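Residue 0 is where the sequence shown starts when you use numbering that gives the first Met the number 0, and the numbers rise one by one after that.
Hint data in this document are derived by calculation from the structure and do not stem from the laboratory.
It should be emphasised that the depicted structure is a prediction, and the values quoted were computed from it without experimental measurement.
Treat the hints with caution; some may be incorrect.
[As the list claims (entries may be wrong)] Below, in silico cross-link-like pairs of lysine to aspartate or glutamate (EDC-like), each with a Cα-Cα straight-line distance of 16 angstroms or less:
no.	residue 1	residue 2
1	K91	D71
2	K141	D80
3	K54	D149
4	K137	E89
5	K139	D46
6	K124	E76
7	K152	E56
8	K141	E85
9	K124	D64
10	K63	E155
11	K91	D64
12	K63	E115
13	K156	E142
14	K96	E115
15	K124	E85
16	K137	D80
17	K54	E155
18	K63	E89
19	K124	E56
20	K137	D149
21	K91	D127
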Amino acid sequence: MRAKYVLSEVLVGLWRNVTMTIAMIVTMAVSLAMLGASLLLYFQVSDMEEYYYTKLEVSIFFDKDATQAQMDAIGAEVDADPLIAEWDFETKDEAYKRFQEMFKEAPDLVNAAQPESLPASYRVKPVDPDNSQALIEKYKGKEAVANVVDQRKVLEKIFEIFGGMQKLALVIAIVQGLAALLLVANTIQVAAFSKRREVAIMKLVGASNWFVQAPFVLEAVFAGIIGAILAYLTLIGVKIFIIDGTFKSLFQSTVLTPIPWSNVHLMFPILAGIAGVVSAVTGWVTLRFQIKV
Numbered sequence: 000m001r002a003k004y005v006l007s008e009v010l011v012g013l014w015r016n017v018t019m020t021i022a023m024i025v026t027m028a029v030s031l032a033m034l035g036a037s038l039l040l041y042f043q044v045s046d047m048e049e050y051y052y053t054k055l056e057v058s059i060f061f062d063k064d065a066t067q068a069q070m071d072a073i074g075a076e077v078d079a080d081p082l083i084a085e086w087d088f089e090t091k092d093e094a095y096k097r098f099q100e101m102f103k104e105a106p107d108l109v110n111a112a113q114p115e116s117l118p119a120s121y122r123v124k125p126v127d128p129d130n131s132q133a134l135i136e137k138y139k140g141k142e143a144v145a146n147v148v149d150q151r152k153v154l155e156k157i158f159e160i161f162g163g164m165q166k167l168a169l170v171i172a173i174v175q176g177l178a179a180l181l182l183v184a185n186t187i188q189v190a191a192f193s194k195r196r197e198v199a200i201m202k203l204v205g206a207s208n209w210f211v212q213a214p215f216v217l218e219a220v221f222a223g224i225i226g227a228i229l230a231y232l233t234l235i236g237v238k239i240f241i242i243d244g245t246f247k248s249l250f251q252s253t254v255l256t257p258i259p260w261s262n263v264h265l266m267f268p269i270l271a272g273i274a275g276v277v278s279a280v281t282g283w284v285t286l287r288f289q290i291k292v
């Protein structure tokens, strides 16, 4: 009987302040969607770091006019180098074919390049990726060597950009979350004020604080869970129509690793748990310290 009464009061309370309830749900959904996006980005950056750092190479590029004898001399040194675990020689034609494959979605760029404009190179994998600087210092400046490039340096800049995007999404989520919490607190205050006479009567007849506060707290929890569901559906829509739709070719390239569905589905219990706990705590604190019931 008590549970039935509490649930009926929750539904009545939500309908009585329907406009504020909708605003609270929408704000909560936006903040949770941003939080979910930042978490997905965090997981994605971590996965990309793990994926790419196991495939890092140091590229030893030759001058355009380097002779075969000069390249063979560097090759013999590379083959005997204890700092190098694996190596592969890439001719100008092979470099051009790889360039065509990597940028096949940009035909103008491919047509503007010529095979002779791409240098031959040794692509070596260090025994210790953290010690790639030693390889750079060893081979940079040698005869016929134009440049030595550590892919880690390039990727670090990319990951710095992703990290900045991640922090921005998290900041926006926090700001939206604070707005949602204020709406939750305000909605509960309005609901409690509109029912102040009923609350007073219930206290006079001996109702416990939990029994009086439960409908208000559950209103906030209900709104938070609905917001989490909407945020989860938003992330699914982004995955289907944007990541697997508009930007499908980008995620199928060697630039970005695919975002797995398991990470997207993981967001629902995380967002629902955060929404439920935060809404309940906010509701309880509002009733406990701002409204005397």
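Going down the list of hints, with the structure as the test:
1. Taking the CA atoms of K91 and D71, the gap is near 15 angstroms; set against the 16 angstroms cutoff, the hint holds.
2. For the hint pairing K141 with D80, the CA-to-CA distance comes to about 15 angstroms; that is within 16 angstroms, so the pair holds.
3. As the CA atoms of K54 and D149 are separated by approximately 12 angstroms, the hinted pair is consistent with the 16 angstroms bound.
4. Restraint check: the Cα-Cα separation between K137 and E89 comes to about 20 angstroms, which exceeds 16 angstroms; the hinted pair is violated.
5. For the hint pairing K139 with D46, the CA-to-CA distance comes to about 31 angstroms; that exceeds 16 angstroms, so the pair is violated.
6. Between K124 and E76 the CA atoms are separated by roughly 14 angstroms; this keeps the pair inside 16 angstroms, and the hint holds.
7. With a CA separation close to 11 angstroms, the supplied pair K152 and E56 stays within the 16 angstroms bound.
8. Restraint check for K141 and E85: not satisfied, since their Cα atoms lie roughly 20 angstroms apart, outside the 16 angstroms limit.
9. A C-alpha spacing of about 25 angstroms is found between K124 and D64, which places the hinted pair above 16 angstroms, so the restraint is violated.
10. About 28 angstroms separates the Cα atoms of K63 and E155, which puts this hinted pair outside 16 angstroms; it is violated.
11. Between K91 and D64 the CA atoms are separated by roughly 12 angstroms; this keeps the pair inside 16 angstroms, and the hint holds.
12. Under the criterion of a C-alpha separation no larger than 16 angstroms, the hint pairing K63 with E115 is consistent with the structure, at around 8 angstroms.
13. At roughly 29 angstroms between alpha-carbon atoms, K156 and E142 are farther apart than 16 angstroms, so this suggested pair is violated.
14. Only pairs whose Cα atoms come within 16 angstroms are accepted, and K96 paired with E115 is accepted, the gap being roughly 12 angstroms.
15. The hinted pair formed by K124 and E85 meets the criterion: a straight-line CA distance of about 5 angstroms does not exceed 16 angstroms.
16. Between the alpha carbons of K137 and D80 the distance comes to roughly 10 angstroms, so the proposed pair stays at or under 16 angstroms and holds.
17. Distance restraint check for K54 and E155: the Cα-Cα separation of roughly 14 angstroms lies within the 16 angstroms cut-off, and the hinted pair is therefore satisfied.
18. With a C-alpha separation of about 13 angstroms, the suggested pairing of K63 with E89 holds against the 16 angstroms cut-off.
19. Distance check on the hinted pair: K124 and E56 sit about 5 angstroms apart at the alpha-carbon level, within 16 angstroms; holds.
20. Between K137 and D149, the direct Cα distance comes to roughly 13 angstroms. Compliance with the 16 angstroms bound is thereby established for this hinted pair.
21. Straight-line distance between C-alpha atoms of K91 and D127 comes to about 28 angstroms, which puts the hinted pair past the 16 angstroms bound.
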